[in-house]
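J.: Make the full structure from the sequences, and use the hints.
Be aware that the sequence shown starts at 121, since it is given in our numbering, and climbs by one per residue.
Just so you know, these hints were derived from the structure itself, not from any lab. Treat the hints with caution; some may be incorrect.
Simulated DEER-style distance windows between Cβ atoms [said to hold, decoys possible]: (1) F149 to L174: 20 to 28 angstroms; (2) H150 to L128: 12 to 20 angstroms; (3) E134 to S176: 46 to 54 angstroms.
Quick reminder that beta carbons are idealized off the backbone N, C-alpha and C, glycines included.
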Amino acid sequence: MLGANNSLASRLKEKCPNVFLMKCICHSFHLCASYACEKLPNDVQQLARDVYNLFSNSPKISTNNFTSLQMCCLTKSSIHHKRDGFP
121 MLGANNSLAS RLKEKCPNVF LMKCICHSFH LCASYACEKL PNDVQQLARD VYNLFSNSPK
181 ISTNNFTSLQ MCCLTKSSIH HKRDGFP
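T.: So this is what it looks like as structure tokens:
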């Protein structure tokens, strides 16, 4: 909708050159996350699904265990990955 050619935004700009158009941050984040998920190996995606399903479907796992997992995931890693073209 906000593309440069033949989009709603470009058509509005033609009719009202002073119009201000802003992208929705939620939709932009969704596009970014979708793109990132496409680049992940399938094994990593499946692992994330399995861990989520383990915690969401098991009544035996307590809140403390889930909190421990969350804290583990928030721990900063010393490994930094650089993608081509990005610092």
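J.: May I ask which of the numbered hints given earlier this structure violates, with the numbers listed in increasing order?
T.: Per hint list: zero violations.
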